[in-house]
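Could you build all of it, start to finish, from the sequences and the hints given here?
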Amino acid sequence: MYSQFMVRKIQMSTVEYLKFEERKQVLTQNQKAGYAKGLLLYSLIIKYFIDLLTIFMYYYTISSLYQNINNE
Numbered sequence: 001m002y003s004q005f006m007v008r009k010i011q012m013s014t015v016e017y018l019k020f021e022e023r024k025q026v027l028t029q030n031q032k033a034g035y036a037k038g039l040l041l042y043s044l045i046i047k048y049f050i051d052l053l054t055i056f057m058y059y060y061t062i063s064s065l066y067q068n069i070n071n072e
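By the numbering used here, the letter at position 19 of the sequence shown is numbered 19, and the numbering carries on one by one without gaps.
What the hints contain is simulated information worked out from the structure, not anything from laboratory work.
Check each hint, because a few of them may be wrong.
No more than 20 Å apart at the CA atoms, straight line, and that leaves these computed lysine to any residue pairs for SDA-like [unchecked claim]:
(1) K24 to A36
(2) K32 to F20
(3) K47 to A36
(4) K47 to Y35
(5) K24 to G34
(6) K19 to Q29
(7) K19 to Y35
(8) K37 to F49
(9) K24 to T14
(10) K24 to S13
(11) K37 to E21
(12) K37 to Y48
(13) K32 to S43
(14) K32 to E21
(15) K32 to Y42
(16) K19 to N30
(17) K47 to M57
(18) K24 to Y35
(19) K32 to F49
(20) K37 to V26
(21) K32 to E22
(22) K37 to L27
(23) K47 to Y58
(24) K32 to Y48
(25) K47 to Y59
FRET-style restraints, in silico, Cβ to Cβ [as the list claims (entries may be wrong)]:
(26) Q31 to L65: 25 to 35 Å
(27) Y66 to N30: 50 to 60 Å
(28) E21 to T61: 51 to 61 Å
(29) V26 to S63: 49 to 59 Å
(30) L44 to Q67: 33 to 43 Å
(31) F20 to Y60: 54 to 64 Å
Note that the Cβ used here is the ideal one computed from N, Cα and C, for glycine as well.
As structure tokens, this is what we get:
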């Protein structure tokens, strides 16, 4: 009787442990997906920021050239 109770308890704890491992694996998959999405978002923000800087530099260069042409 005592051994059956212990075996059943061990089986229950094994099932609970497997459920815990499964939940942990799903959680890590979700974390990896979230990390990838965040990385993509930050890379897009940095890309558009660099594009804006490039446009500003082009604008500044063209306007300074235009002013030099007008001053001469």
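Cross-check of the supplied hints:
1. K24 to A36: Within the cut-off at roughly 18 Å; holds.
2. K32 to F20: 18 Å, holds
3. K47 to A36: Roughly 16 Å separates the two Cα atoms, so the pair holds.
4. K47 to Y35: Given that 20 Å is the threshold and the Cα spacing comes to 18 Å, the pair holds.
5. K24 to G34: 15 Å, holds
6. K19 to Q29: 15 Å, holds
7. K19 to Y35: 24 Å, violated
8. K37 to F49: Distance ~18 Å between K37 and F49 Cα, so the pair holds.
9. K24 to T14: 15 Å, holds
10. K24 to S13: 16 Å, holds
11. K37 to E21: With a Cα-Cα distance of about 24 Å, the restraint between K37 and E21 is violated, given a limit of 20 Å.
12. K37 to Y48: 17 Å, holds
13. K32 to S43: Given that 20 Å is the threshold and the Cα spacing comes to 16 Å, the pair holds.
14. K32 to E21: With a Cα-Cα distance of about 16 Å, the restraint between K32 and E21 holds, given a limit of 20 Å.
15. K32 to Y42: It holds: about 15 Å lies between the C-alpha atoms, which stays within 20 Å.
16. K19 to N30: 17 Å, holds
17. K47 to M57: The given pair, whose Cα atoms are some 15 Å apart, holds under the 20 Å limit.
18. K24 to Y35: Holds: K24 and Y35 sit about 16 Å apart, inside 20 Å.
19. K32 to F49: 26 Å, violated
20. K37 to V26: Given pair K37, V26 holds - Cα atoms ~16 Å apart, limit 20 Å.
21. K32 to E22: Holds, at about 15 Å.
22. K37 to L27: With Cα atoms ~15 Å apart, K37 and L27 stay inside 20 Å; holds.
23. K47 to Y58: Given pair K47, Y58 holds - Cα atoms ~16 Å apart, limit 20 Å.
24. K32 to Y48: Since the Cα atoms of K32 and Y48 sit roughly 24 Å apart, the hinted pair is violated (cutoff 20 Å).
25. K47 to Y59: The hint holds at about 18 Å.
26. Q31 to L65: 25 to 35 Å: 51 Å Cβ-Cβ, so the 25 to 35 Å window is violated.
27. Y66 to N30: 50 to 60 Å: 53 Å, holds
28. E21 to T61: 51 to 61 Å: 59 Å, holds
29. V26 to S63: 49 to 59 Å: With a Cβ separation near 55 Å, V26 and S63 satisfy 49 to 59 Å, so the hint holds.
30. L44 to Q67: 33 to 43 Å: 35 Å, holds
31. F20 to Y60: 54 to 64 Å: Holds: the Cβ-Cβ distance is about 59 Å, inside 54 to 64 Å.
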